[in-house]
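Read off the chains here:
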Amino acid sequence: MVEFFLGGLITSGFILFYSHTRKNGMKISIFQWMIIIAAFVYLSFVSATVVEFVEEGTFKGAAVIGCIMGFAAVIWGILINRFILTKSTKKK
Amino acid sequence: MTDNTIERRSFLKRLGLSSAILVGGLSSSRIIAETTDGVLVRSDKDYGKFPVERLKQNCIPYDMDSEILKQMSEKRNVFSRNVWDPLRLNRPETEENITYENLVKGKGEIPDQTRLDYALMAASWKYANMDYGGVYSWELQDGMVGGMGLEKLGTWDPEELDMTWNEATAAVKHAALFYGASTAGVAELNPLWLYSDRFSPDRKDRSRALPVRPGDERFGLENDVWYIPESMNRVVAVAFEEDFYGICNSPGRLASAATGNGYSRMAFTASTLADFIRALGYRAIPAGNGIGLSIPMAIDAGLGELGRNGILINPKFGPRIRLAKVITDMPLIPDSPIKFGVTEFCEDCMLCAEHCPSGSIPDGKRTWSGTSVSNNPGVLKWYIHPETCYDFNGFSCSNCKRVCPFNKPNNSWLHKMIREFIELKAGSLNKIMISLDQASGYGEQLSDMDFWKMDGNQSITAREKME
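Read top to bottom, the protein sequences are chains Y and U. Sequential numbering from 1 applies to the first sequence in our numbering. Sequential numbering from 1 applies to the second sequence in our numbering.
Same shape as in the complex, but just chain U (with noise of 0.2 Å):
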């Protein structure tokens, strides 16, 4: 035990020592002026070094109605219906599966579409599937840590090691990082965004749900009702960068390549991630989609602002990352929710509506509401229709990633110069920007074989490249 302890001691001492570097690092971010809101800031690290509006901490960057905003269950969305509503259960067969039958079943042969896109696509995916097996378990699984006993030796404080709460929440994003995120935040636990339930079908019953609800010191479940302890409060947000090219061929496998190989990512990183936190003996929720809505959680992580296309616009990735997080009792200072002209662009740019195969991006105004049992209304936003969206092209289609004028393949100081006349909210410059972005041809299809052809360490998430 004692062995254990020293171990950890210096372990810690050393993650100390490197946080303090990271938050030398993090202290890079100039403010540039005072809002009335928050201050607007340039980091490199956290926003490649563009302009952006740290709000404080009771500001939230979205307006939400709370007569109307209900926790949502997770029976609800498209995922889950397509298992148990009659009304999914005779959906149309989704693109992705017909171009299968064509090419792997040798019915007939698909422009664009060869047998290395497939292969590079399956492999992609292979950890994205393995909430079955325990990955994001809400209970520690074998491993290390266990073997060691590392979560037995009661909480860690960060006065061990001389260290603020800030600086250990700064360690536990630098942890995050190392496990592959490609950024991190921390926010408290806004219990709206928890699923009001977990959908658990068996064999009898395909639409059941068990519900989730606070618990005193109730942790898991227990008669079949799952319980978060209220003690709970803290969410890590941590998002994965996909590759640029991979997206630039959607709606090509190439691109959900690159989505299920952001979901393998998001299964590794949370669980150890979670494992990390456990090891540090507080208890920890890993979840990719699962347990609750990722984007409002990242949002007041201060991971970035909602677009129209309803994914989360980070400002150093853009439109072209994946979500997960962990959620934690482990006391983390939050960060704050961060604003950088996304609504007012997305308000005049219509790109990825237009661009839709589907046609499931409202090209109006932003509402309270939408019209499919799956969105969950109560905030003011563009409310996307999760249905068509699937049955188009089950989960490839990444065109609204595509042609999104803030996904870029870095962050040179020619679109560094554009953010900053994004920040100024001028709706006539925004067009100006939005026709110049399409003339120079950002947002075409990059053809499969030109993507194969291409240089791999162009090819990569080279993460250097977007700073």
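One chain only, chain Y, in its complex shape (with noise of 0.2 Å):
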């Protein structure tokens, strides 16, 4: 049920990015669509990670697993700003 939720809120993000995306009028090419669409099952992954620790009752486990990938995702997210969609707005 929780990775339902998850699944619905992360795809959910998704469309709403995908729409920011269209609404600003940024180009973006399939080789960055690839890394964004990456970068969003990254984040499923590191959720359903943290979640299953959590179910497990290791709620150590999902503090350090989280701090670490977690920690991946953000620098991921900020890459993906900088990279791609500053650019993406700037050539509007």
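Note that these hints are calculated values from the structure, not bench results. Quick caveat: nothing in here was measured; it's all calculated off a predicted structure. Possibly wrong hints are sitting among the right ones.
To be verified - Straight-line Cα separation of at most 30 Å, DSBU-like style, residue types lysine-lysine; simulated pairs:
#1 Lys-204/U - Lys-70/U
#2 Lys-87/Y - Lys-27/Y
#3 Lys-416/U - Lys-453/U
#4 Lys-425/U - Lys-56/U
#5 Lys-56/U - Lys-365/U
#6 Lys-453/U - Lys-365/U
#7 Lys-425/U - Lys-60/Y
#8 Lys-431/U - Lys-60/Y
#9 Lys-60/Y - Lys-416/U
#10 Lys-23/Y - Lys-87/Y
#11 Lys-126/U - Lys-453/U
#12 Lys-453/U - Lys-60/Y
Quick one: dock chain against chain with the hints and give me the complex.
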């Protein structure tokens, strides 16, 4: 159930992101879209891992793995913003 | 007599049908790849969906030196030596006894040890010591099997029910699970794993041990010699999962409760399974720790690999199991031994050695012999020190199980993913996983009050959780 909710949340996030790019007329190449989709898949994986730890009752594990993998997700997000979104907006 | 036969036929038909279903379930094992020594498989029922290398029949997952390896004397194991060996008679009091003295006899309070814990522990061991009541008897005792005269109907042939011996073997394993085993396997009996004698102290001689010899057709005790016919060349090894949260309390009393629970279930299941085999007209010797070495028999039966902590590591339940066995002349089809990277992982992982409060687990490489007379040399493995292990905490301490990275509360996708990495047998990757395992809080001691506050449904050994 939690996983289903999580999947719905991340899919909604992706749809919102897509509509945001369309609304702002951003030009994103297929290669860049692949990087963005991979980021969303990674985000799903990190969330599922954290949820799995919480369900198991290993809260320390959820915190540790969440921090390590979540940090990588944040870096990924910053790089996408800096090198894809910002540049695409400038082109507009 | 005829009625009995019909009843038995109808019972066996039902058993045959359910075995077919079980065989169907077992056949859900999927071959992933062929390897030099066998095949890499993934089986839901047997191995908790973990990748496991099923070895060819002539391959064994350990190295032994046939010139050094001899049958071990039961008199030499640490439990027997506690009775007769002068070096063991004046051993220090175990921590278990000290806390018992303090708590129960009111000599002081012990943190994290309550009467509730002691009650759970003491009751858990209730059926464990029924060896003396005939539970592990070599002969059929009173009961319905004898009452119905089933054992006198001659040996059962699976062809009566159009079953193969493979299906009959599955039926016997099904019966083992039915009687309470968590998993079961069959091996051809290696006589080297049988004790060379049976420890039988009496008032006059505390070190008395009666020899065990292969008998042509002689069976049982004759003139102070125990005979096991050479036709009894199969062993059904059965394993019992211990409660995860109980073990997590180690070295507290709740871990002893989990251990005692395992021992009690061993006695029930081994004896009922032996009666089941006798009811089919075959001989059966049920045993807990007696008769022979359970771990190598279980390895031969494909139940797991030996870990650094001297304990069998099962793919599904990790080190958190107890073992029993039934030796029989029923011509069952042996299972294949398995490998799933335990030896390689244990070479990199020192957690059990680091957390052993008595320093009984070696932190070096595997050797061909140990330092204690209770070690049986001739196999390349980690030889633990049984005396210091016993002296620390009797048989309650399960720290080596608690901290073992193979010990997990469930077999979720997360743990399955980690096992895929373990199967790669990459040393550096193992070290990262061990660090993450520790950082995640696995293996930390669970306080007894946290145990008692848990929902009982979480606490019980819920088998479905491990699938």
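*Could you tell me which of the hints above the structure violates, numbers in ascending order?*
Structure breaks hint 6 only.
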